[in-house]
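Engineer: Starting from the known structure of chain A, arrange chain B on it as the hints suggest.
2 protein chains.
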Amino acid sequence: MTASPSDPTAAPAGPRTRSRADRARQVAEVLRRQIASGAFPSGVLPDERSLIADHGTSRNTVREALGVLRDEGVVERRQGVGTVIRRRTYEHTLERLTGLAETLSAYGRVSNEVRVADVIRPPREVARKLCVPDGGQVVYIERLRRLGDDPLSLDLTYLTTDVGRPLLDADLAGRDLFSLIEESVGGPLGSASVTVHAVNADPGTSALLATPPGQAVFTVERLTRLPDGRPVDLEFLRVRGDRLAFRAELDRGTGVLDSPTGDDR
Amino acid sequence: MTASPSDPTAAPAGPRTRSRADRARQVAEVLRRQIASGAFPSGVLPDERSLIADHGTSRNTVREALGVLRDEGVVERRQGVGTVIRRRTYEHTLERLTGLAETLSAYGRVSNEVRVADVIRPPREVARKLCVPDGGQVVYIERLRRLGDDPLSLDLTYLTTDVGRPLLDADLAGRDLFSLIEESVGGPLGSASVTVHAVNADPGTSALLATPPGQAVFTVERLTRLPDGRPVDLEFLRVRGDRLAFRAELDRGTGVLDSPTGDDR
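The listed protein sequences derive, respectively, from chains A and B. What the first sequence shows, in this note's numbering, is residues 1 to 265, in sequence order. What the second sequence shows, in this note's numbering, is residues 266 to 530, in sequence order.
It is worth saying that the hints were derived from the structure and are not from the lab. Values in this document were obtained by computation on a predicted structure and should not be read as measured data. Where a beta carbon is used, it is the ideal one built from N, C-alpha and C, also for glycine. Be careful, since some hints might not be right.
[Unchecked claim] Chain B regions said to be covered by chain A (calculated; three or more residues, Cβ under 8 Å):
#: 1; segment: 328-337
#: 2; segment: 341-355
#: 3; segment: 387-399
#: 4; segment: 459-468
#: 5; segment: 478-484
With the rest of the complex left out, here is chain A:
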């Protein structure tokens, strides 16, 4: 196969012809990542001519790429200004165990609407994961989290009672659970197992998170343990995909962190 250094997004000698939609998606991926990583601090994208030069592609492809991002709600066209960023997606690290508010406090005021805070008998699977005996109780906290005025996530949290009871009288509306738990246990948390799904929001979730129906959301399960390996905190988060992204640094070697309690699945 030969070099075709003219238009990098034009169909080269591949096994099938690529459509303009293919090329536009290719441009949109790069732009989305630049926007999320803060590459355009002015909040305005480079003009069409610059984008055509940067991506070595046609005007129509650039326009279609901007259309993809517009449909996703990432950018909008503003008369006399250009293509402006509507909403930035913030990056939350998965490199270490960090509360969302710790990441987001740099970008605005994080507040929580406490929907439930009580002692309950948990679903059997939740009891199993928290090593709570049959018939035992847990503390259940449900919060709607906002960044500024915009809903960001709906957080369902199950805590073992020893760790959770003191939190029922704490400032759940204003503070991160991690720091409250660390005050409650008198020391740092240990490790966590995290699983991240991408799903279309059901109507109830869309309404709560103030998104269009079917908005792509992350559902995150996070099981957090004390340094001695005992699980104390099981959370199910629904996070707006248009507000948050996850970031991690990986290594080709063996797993760098092993769950102290082994496989909890």
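Structural biologist: Positioned in the frame of chain A, the structure of chain B alone reads:
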């Protein structure tokens, strides 16, 4: 606040009344995670009576929870059998740098339709991330990945020419890029920076991945480096959210892996 050990999903003395949709979502989160982690090897969910007991909730709440999972395409009701799992979501680890095929080969045959494999002049931002000088070239590979007959992801890969050129003659349809790259460079890869977004698929992506319009998909950017820190492989993946989830083990301490090249944003 007092204990209400009867129905854990019923509205306790929280600041506002929760709807049945709230309680159904709570049940659905737990079930989705159980399905993804392989808790129902028969492929059939426990019957309604068992689910009511396990979750300590009402029949109507269980039915609404199953409705949420049905709308997501996770389960379906089959006459005379019960609620069966339509499609399992597989978990891909973010604990270490692993190719998707390495994870998925346990579940079926992974194959790739090679859409493009050529030498191109990359978009400026791609050149910057791969430390390719202005006007330089890269190898571009675009593949549609399938697990069995079902499309799983669309992978756009930019490789530095020294690493990528030998791959143009390799078995791109049958093999994982990571193992091909490691053959090409004669040793293991080093580290990678990964960012994961959740977006609604544009019409072109939906068509390629054979999903309903607007399906929630992950868009993954992965920049992979050699052990000496030199970036050689920049990938943009679109992965069906109903087929794959990401999993990681985190630590409350400082970052466990630092990018050898520092912050590449």
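Engineer: Look at each hint and say if it fits the structure.
Structural biologist: Now the hints, each set against the structure:
no., hint, in the structure
1, 328-337, "holds (count 3)"
2, 341-355, "violated (count 1)"
3, 387-399, "holds (count 5)"
4, 459-468, "holds (count 9)"
5, 478-484, "holds (count 6)"
In this structure, only the earlier hint numbered 2 is contradicted, and the remaining ones agree with it.
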